Amino acid sequence: MLAKIFSAAVLGINAYIVEVEAHLESQLPAFATVGLPDSAVRESRERVNAAIKNSNLPFPQKRITINLAPADIKKEGSAFDLPIAIGILAASGVVSQDGIEKYVILGELSLDGSLRPIRGALPIAVEISKLESKGIVLPVENASEAAMAQSINVYPVASLTEAVEFFNDERTIEPFQVSLQEVFSRSRQYHIDFQDVPVLERPC
Amino acid sequence: MLAKRFPTILPDLTLAEALETTKIHSVAGLLPSNTPLIATRPFRSPHHTISDAGLIGGGQVPRPGEVSLAHHGVLFLDELPEFKKNVLEVMRQPLEDGVVTISRAALSLTYPAQFMLSAAMNPCPCGYAKCSCTPQQVQKYLSRISGPLLDRIDIHIEVPTVKYNELSSDRVGENSETIRQRVERARAIQLQRFINMKNIFCNARMESKDIRQYCKIDQQGEDLLKMAITKLGLSARAYDRILKVSRTIADLENSIDIKPQYISEAIQYRSLDRMSFY
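If you're matching them up, the sequences are chains W and P in order.
Numbering of the first sequence is given in the working numbering, commencing with residue 1 and proceeding in unit increments.
Numbering of the second sequence is given in the working numbering, commencing with residue 1 and proceeding in unit increments.
Please keep in mind that the hints were generated in silico from the structure rather than gathered at the bench.
You can trust all of the hints, since none of them are fake.
To give an idea of the interface, some chain W residues facing chain P are shown, with a C-beta separation under 8 Å as derived from the structure:
id: 1; residue: Leu11
id: 2; residue: Pro117
id: 3; residue: Gly120
id: 4; residue: Pro123
id: 5; residue: Ser144
id: 6; residue: Met148
id: 7; residue: Val183
id: 8; residue: Arg188
id: 9; residue: Ile192
id: 10; residue: Gln195
id: 11; residue: Val197
Computed from a prediction, not measured in an experiment: that's the story for all the values here.
Every residue, glycine too, gets a C-beta built ideally from N, C-alpha and C.
All chains, full assembly: derive it from the sequences and hints.
Below, the structure written as structure tokens:
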């Protein structure tokens, strides 16, 4: 019982793809995360556990192994919560394995199953737009930022339940679109002006 | 007040520059959810208690610091002598190279850091017009800023206290739009000048050999410069900077030649180099 999810992480201002592998085995229930996770990634098992249960989804009573590949780069941050949760649910058959194929998934989970914003959505979206993928699934708050990358489908989700329904084809989410040119020209205004400075005579 | 308005007179960000700046803010987690794109030049003014890691970036997995957050914008350091000395010195390499490389045991990362440094300071510790500081106190205060750092600052200018009638007058100065148009005109001249060169798009990015090629001065200007360098004891770096600034003044005046008066204006902008010879 194995599931593979694509996610991503930032290194400097560039991003790279991280493969999140979830493996379930019928042994005493345990949860191990490998692939150089930092403490925020290691703590994600507590969030994932609570979020799955509070979303009324079954949490498998098995030995769970999560691998974050490539295994030689240190992974940090909380953006792997959602891919780990989806990975566990896909490995246990709750989420369709075909549904998750070619999506890149990111998001921090709250204990009640809702999603919190992540860091680095734009560099990740830019990186993914170079690859062949169906799109990126991330928290609603990051949608407009990721959409700046253009030429990539951005699917905003608000909670774990929404994500599960989306991958199981029980919910349709329109790709979030925003015109880069429009945002660019709209937000170019400064709200301050040199006119407000008292006029000084030139020092000599 | 003045420094905060500095970004408003700089040429508009291009789309590529805006995306690059936004990426840095996104990685640092400082992008407000209602602003998907930073389309105006950033203005960063860290408090003087900032650490070196806070300024150039740091952490186990290094995060961008203030110099990178000010990429394509302005980094303003108010009360410059109050900053810790080692904090100011770490800025030298990014000021020179436009990037900052942070190496830690786990990994080494490079963040872009092309920013315009702007700083403000009092002439003495008390900061009052009717100063009562002793020369030693003033000297000690000024020496907190190292020569090499001062060398890298192109324009030093003394801002006199605002007189009452200036404060109360209704006279309004130029608006940012007018000033920016002037800046953009000068930038257009510079863009034309460096059309065949990669990586150079404005006078500030010229290297020594480009300065020799593009900043030719006449005999009168040369005499002036020679006198300034020998009398004021200016460094080789200051020499390059004076030429660059005078080239820019000429561009702003739409003049092909660097006239002697532009050179004398540029020399005048090195007032802090001269201060130590009071």
